[in-house]
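Just so you know, the sequences run in chain order A and B.
According to this note's numbering, numbering within the first sequence proceeds without interruption in unit steps and concludes at 345.
According to this note's numbering, numbering within the second sequence proceeds without interruption in unit steps and concludes at 670.
Calculated from the structure, these hints are not laboratory results.
Worth double-checking, as some hints may not be accurate.
[Unchecked claim] Pairs of lysine-lysine, DSS-like flavour, derived with a Cα cap of 25 Å:
id	chain 1	residue 1	chain 2	residue 2
1	A	Lys64	B	Lys476
2	A	Lys140	A	Lys281
3	B	Lys352	B	Lys632
4	A	Lys64	B	Lys507
5	B	Lys507	B	Lys546
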Amino acid sequence: MTRTRNADAEMIAPARPRHELMVWEALNLALDHALAADDAVFVLGEDVGLYGGSYRVTQGLYAKYGEWRVRDTPISENSFTGLGVGAAMVGGRPVVEITTVNFALLALDAIINLAAKIRYMSGGQFHVPLVVRMAGGVAKQLAAQHSQRLEHTVMNVPGLRIVAPATPQDAYWQLTQAVREDDPVIVLEHELLYFKKGPFDIHASAPPMHSAAVRRPGAHVTLIAWQRMVDVCLQAADELATDDIHAEVIDLRSLRPIDLPLLVASIKKTHRAIVVEEDCKFAGAGAEIVAALQETVFFELDGPILRVAAADTPTPYNGALEATSIPDAAAVVHAVRRMVGPREE
Amino acid sequence: MQRDLIKQFFYDMLLARRFEEAAAEQYTQGKIAGFLHLYPGEEAVAVGSLRAAEPGDYVVTPYREHVHALMRGITPNAVMAELFGRATGCSGGYGGSMHLFSAEHRFLGGYAIVGETFPLAIGVGYRLAMKQSPDVVLCFFGEGAVNQGTFHESLNMAALWKLPVLFICENNRYQIGTEIHRNSAVTEVYKRGCASGVPGKHVDGMDVLAVHQATQDALQHVRSGSGPFLLECETYRFRGHSMADSGAYRSALEMAELKARDPLLNLRNRALQEDWISEDDIEALFKKAHAVVDEAVRFAEQSPPPTDLYKDIYAQPLDVYRGAP
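So that you can see chain A by itself, here it is in the shape it has in the complex (with noise of 0.2 Å):
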């Protein structure tokens, strides 16, 4: 866990709407500007009061709207995720921080068992409009314990929304939709994200929350990612642009559902496509992504659709062992080239 200040969360203020944003900053507009439009939106998790949130998140929210509004939880994650569930179903509009997806494990029955089931169960009768953000991915080695991903588990539950903001005009179009959506919004934050800086307009209108987004164009190979692994490819297409190989890359920004009317229609331009991702390749979100683009592009493509993901292993302390744990820019060079023949090498 990080700490990044030690200065007194009341006397900071939050953030302000700039023409450039980090991913923090957005989301704590974010959520300012849910606090303020409704009184039914709280807040709570470990930290996100006086402290200010383990990544700054709530920086200023507690000194705004007080302890009701913005709830420093005990270390509790079932039952405080619970706690959201309970609100939601009788008028609440929670939003849960759990500082990590690795103590969300914890929390799965109050997300599973109870958030994904009750309006199902119940006939209709209840819905459950909570948001639960959790920071995940590999950040700077922080060992096994605190760098898994999540995806896979949330994304094969019914009943969820699960989306990955990799910009910070995403982290603030896609919260903010998520607080006013009705049904339970996993938000999967990552960790090496949070301070990564981008152009931010508060004024443009936002995309359908689960939609995808082309965020280079190209020809030749469709790169298909989300959260950190968008920039691996952004990286990654720019080293291939200098032989000639023009990558699409495709940030996801939702795992459920998944735009695949914007990757078919990728492939059937470039007629190869690649998966990267950041978790374990054996039945990770990519295996999903494959099945259903081989479903349905199968006679659009060239050969297989590969996937670039990470060592199937625990993610080791050692710095330099962790980092041959996941894809980088080189991995994704190296599966394009093969992928698209000998022009090289």
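Given the structure of chain A, go ahead and fit chain B onto it with the hints provided.
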């Protein structure tokens, strides 16, 4: 003692007993499937406690909750139809015996994972406290649930923020086949809130009048803003854990002793002795309960099944392979 209230309790418990007997019969005939957990022996708990609650209060229960639903005003027809899996059931046929719901009655569901009612109840309590509402939450659970982490996590938060939650333990002594002294170092459940400073009380759960009085007192505490309260009702189930369990792990002597404390018999004997009720009254109430339950079975049998598999998974239908609308 108010005669009307006694009559009400007596009728409630007769209805509860008859309803569960009918459910067992229908299960045996194959009309009800899945897990079916019945309540005979424990009637005084749901009846005594829920008759002390206000209509605006919320109720969260575990999976042995048919009687709780009836006591909150969900009709026997709607509960029985749910057991039959019919569209007219209180959960539209999507929940079944373990998942009864009614938004109209603020009945927030039966839950089938032991220990889930605690976090849900404190969530409702949190929302009520935020709004400074006069309503409270009644959170039911069995004695087996207090060894789940959620019990301790949730009582801690409820006490820390003084949430309006009454925790009601239905202690029937057995978590399926394991008796309480074999799973708990401390068997007095009402004492187990002490780590969070939640006051507790023990009451004879076979005595509907005692449960009613204790719940009234406890609700007064909770409604006054003093925070949560833990009420332990010591009771006994006459049947197995579910229809799949014969309950053979209990001795004949133990069963006989507890059956002699049957809450219905107790109330009947006392009410006759005190002249609160007549034999004719009892006969009339008995007939009425039978007629109501017979009608519920007939209603359930004649009701249509639900047909839409994909209904109410999301607020708007969602195609997992179509992100943008």
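Okay, the hints, checked on the actual structure:
At most 25 Å may separate the alpha-carbon atoms for a hinted pair to count; lysine 64 of chain A and lysine 476 of chain B meet this at roughly 18 Å. At most 25 Å may separate the alpha-carbon atoms for a hinted pair to count; lysine 140 of chain A and lysine 281 of chain A meet this at roughly 21 Å. Pair hint lysine 352 of chain B plus lysine 632 of chain B holds up; C-alpha atoms about 14 Å apart against a cutoff of 25 Å. Our distance criterion of 25 Å between C-alpha atoms is met by lysine 64 of chain A and lysine 507 of chain B, whose separation comes to about 23 Å.
Restraint check for lysine 507 of chain B and lysine 546 of chain B: the C-alpha separation of about 18 Å stays at or below 25 Å, so the hint holds.
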